[in-house]
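Protein chains: 2
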Amino acid sequence: MPNLPLGFGDDVSAVSLGKDELLVIKTDMLVDKTDVPRGMSLWQAARKAVVMNISDFAAKGVKPVALLVALGIPQKFTAKDIEQIGKGLNSGAREYGAYILGGDTNEASDLVICCALFGTCSASLLMKREGAEPGDILAVTGEFGKTAAGLKILLENLPVPSEVENPLLDAVFMPKARLKEGLALAVSRAVNAAIDSSDGLAWSLHELSKASHVGFIVERLPTAPEAVKFAEIHGLSHAELCLYGGEEYELVLAIKPELWDEALDAVKKAGGSLIRIGKAVKERGVWLKTDKGAEPIEPRGWEHFQSCTGETRG
Amino acid sequence: MPNLPLGFGDDVSAVSLGKDELLVIKTDMLVDKTDVPRGMSLWQAARKAVVMNISDFAAKGVKPVALLVALGIPQKFTAKDIEQIGKGLNSGAREYGAYILGGDTNEASDLVICCALFGTCSASLLMKREGAEPGDILAVTGEFGKTAAGLKILLENLPVPSEVENPLLDAVFMPKARLKEGLALAVSRAVNAAIDSSDGLAWSLHELSKASHVGFIVERLPTAPEAVKFAEIHGLSHAELCLYGGEEYELVLAIKPELWDEALDAVKKAGGSLIRIGKAVKERGVWLKTDKGAEPIEPRGWEHFQSCTGETRG
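Chains as they are written, first to last, in the numbering used here: chain E, 54 to 367; chain U, 54 to 367.
Possibly wrong hints are sitting among the right ones.
Chain copies aren't distinguished; within one or between two, either way the pair holds.
Derived BS3-like pairs (lysine-lysine); straight-line CA-CA distance at most 25 angstroms [stated by the list, open to error]:
#: 1; residue 1: Lys322; residue 2: Lys129
#: 2; residue 1: Lys72; residue 2: Lys116
#: 3; residue 1: Lys116; residue 2: Lys129
#: 4; residue 1: Lys342; residue 2: Lys72
#: 5; residue 1: Lys86; residue 2: Lys129
#: 6; residue 1: Lys72; residue 2: Lys282
#: 7; residue 1: Lys335; residue 2: Lys140
#: 8; residue 1: Lys322; residue 2: Lys335
#: 9; residue 1: Lys233; residue 2: Lys116
#: 10; residue 1: Lys321; residue 2: Lys140
#: 11; residue 1: Lys140; residue 2: Lys116
What the hints contain is simulated information worked out from the structure, not anything from laboratory work.
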C-alpha cells in the first residue's frame, strides 16, 4: 500500500484518515496449545488475548477504541466454557476502555482467539520503533523476569514458597498492558522510539536497534525482586529470566535526554513507573554493561511453549 | 458501546469518526476443516478467506481499504504451502482494491485464516439490514444454487458432465464478492436494506425480515441454469439448491420501487446485474409464491461441512 504512515514491521499497522489523523489497527491470535499454560483459566486466556493487542497500542501511544473477536472453539467446549471466554474478553476490553463490537465463531481443533483492535490517533503523537538516537535514555515501564519464572513453575514444576509463587503466577495469568503509561508518554513527546516487550526484553531491544539503526547499552538489569529470589532458590541466572523471558507487556523506550524529567513526570502522574536502564549508542548492537566491560545480549526471544506437556520448545 | 451507528447483528461493525464519517470493520475466520472442501487449493482457500470479508463490505456499500491477517498454521505445512497462502491472500485483496497491512502467524492444529477488514464510508450511504419497507422490490445480484451443487459434487461424489461440473466447482473454489454492485447501489441511494447471502438465500431473507420487521414474498426463484441442470440429472429439488445452499456471495436487497430504474442502471453501469425476485410485505415471514398460493420458506441456513469426509453436518 502506498504512503503508509508506519513501517511494515512495527507493533501495529496504520493508514491515514486525512490531515493529521491515523487509523491504527492490530491483530494478534492466541492459540491455546502455544499461548495458554496449564492452570490458566479460559476467562484468563480470553482476557490475555485482548491484553496482548492492547499492549501493542500502548507501545505506540494509541488509545484503543473497539475490537472484533473471531473465535475457534473445540467441539468439546460447553456453553459455560464459551460464557467464560466471553466474560474474559469483555473484562480485558473494558479494563482498557475498549468495547467489543462484533466477531465470528467457528469450530476448530484448538481454542483460537483472534482479536482485531482499532483506534485513531494524531500522526504526530504516534510512537514508532524507528527514531531512537545515540544518547537517548533507554527506559522500561516495569520490572522483568516474573513471567519467565512463573512459566518455569508451571511448565517445569519448580517449587517455591507461596509468597514468591503468587506474584510470579499472577504475572503469567493476569498480564497488564501499560496503556496509561503509553498514552501519557505519547503526549509528553519525549519518546523517540518505543516497542512492547511481548517477545522478551532482549528481543525487543534488538528490534528497536534494527528499526532505529542504533545500539543499546543496558547498564542496569530491571529484574523483579521476586524473579531474583526465584533464581536464587533454583540456582538460575536472574539475567536470563530478565532478558530472555517473554509474554511480558512492559514498554521499552528510547527517551530524549532533555525531556527525561517530563517523561518521568507524565508516567508518574498516570500512576505508573519509568525505570532508566541504559542508553542508546551509535554502534548497532545490544550490550550488557558488566564489571569487565560490555557483553553482547543475544537476539534470542521468547519461544512459545508446548501445551500442558511441561516442555518448552526450541 | 454507546451510540453505535449500526446494530450489533449487522454484516459489519461501525464506529463514528466524527461528522458523517464511519469506520467500518469486519472479522471472519476460515477454518480448513469446516470451510475448505476437498479439492480446494491453499491459494484458493486463502483467497476465499479474504472474499468472505469483502462480501460483507459489498453488502453495506463500503469500499474496503486494508486488512490484517492472523494465521494458524499446522506444523506439517511447508514453506511452499505458506507461500501459496500468502499469494492467495494478496490476490483476494488486490482483486478488490484492498491491501494487506500486517498480521500474525501462529502454530495451530487446523489451518486458520482470520482476516480483519477496514474501510471508511459516509454514514448516509451505509446500507443496513434494517430499513426495508412493505412494497420494496426484493432483488439479488446474481443467480443461486451453483455453490450448493458444486459442494454436492465434492462432498457426495455426485457425477455430472464436465460442461456442468466446471461452473459449479468454479463457484465453490473461486467465489466472487459483489463489491462493484454494492458500491454502485450505495451511491444510488435506492436501497432500503441489504445483506450478503453467505449463509444461503433463505437464511438471508429471514435475517433481513427480522432486522427490518417486514416480510418477503419470493415470486421467482433466481436459480442458476447449471444448478437446474444438476438438479435434473440427480433428481434433486432446484428450489432446495437455490434457497438452502450457502457460501454464495450475492447481495440480497430491498429496493425503493420508485428508484428501481436508478438501481438497475447503477448496477449495469458497474458491470453487474440486478434480478428482481419478489417484494417486501407488511406481514413478517418469508414465502415462496407458487401456483397454489404461497408456501413458507424455512429459516434454514447453510451448515458448514465436515472436512473431506464427504459428510455434511446436522
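Hints, verified against the model:
| no. | hint | verdict |
| --- | --- | --- |
| 1 | Lys322 / Lys129 | neither (47 angstroms within a copy, 50 angstroms between copies) |
| 2 | Lys72 / Lys116 | both (19 angstroms within a copy, 20 angstroms between copies) |
| 3 | Lys116 / Lys129 | neither (37 angstroms within a copy, 39 angstroms between copies) |
| 4 | Lys342 / Lys72 | neither (44 angstroms within a copy, 54 angstroms between copies) |
| 5 | Lys86 / Lys129 | both (15 angstroms within a copy, 16 angstroms between copies) |
| 6 | Lys72 / Lys282 | neither (52 angstroms within a copy, 56 angstroms between copies) |
| 7 | Lys335 / Lys140 | neither (48 angstroms within a copy, 39 angstroms between copies) |
| 8 | Lys322 / Lys335 | neither (32 angstroms within a copy, 59 angstroms between copies) |
| 9 | Lys233 / Lys116 | within (9 angstroms within a copy, 34 angstroms between copies) |
| 10 | Lys321 / Lys140 | neither (31 angstroms within a copy, 47 angstroms between copies) |
| 11 | Lys140 / Lys116 | within (22 angstroms within a copy, 33 angstroms between copies) |
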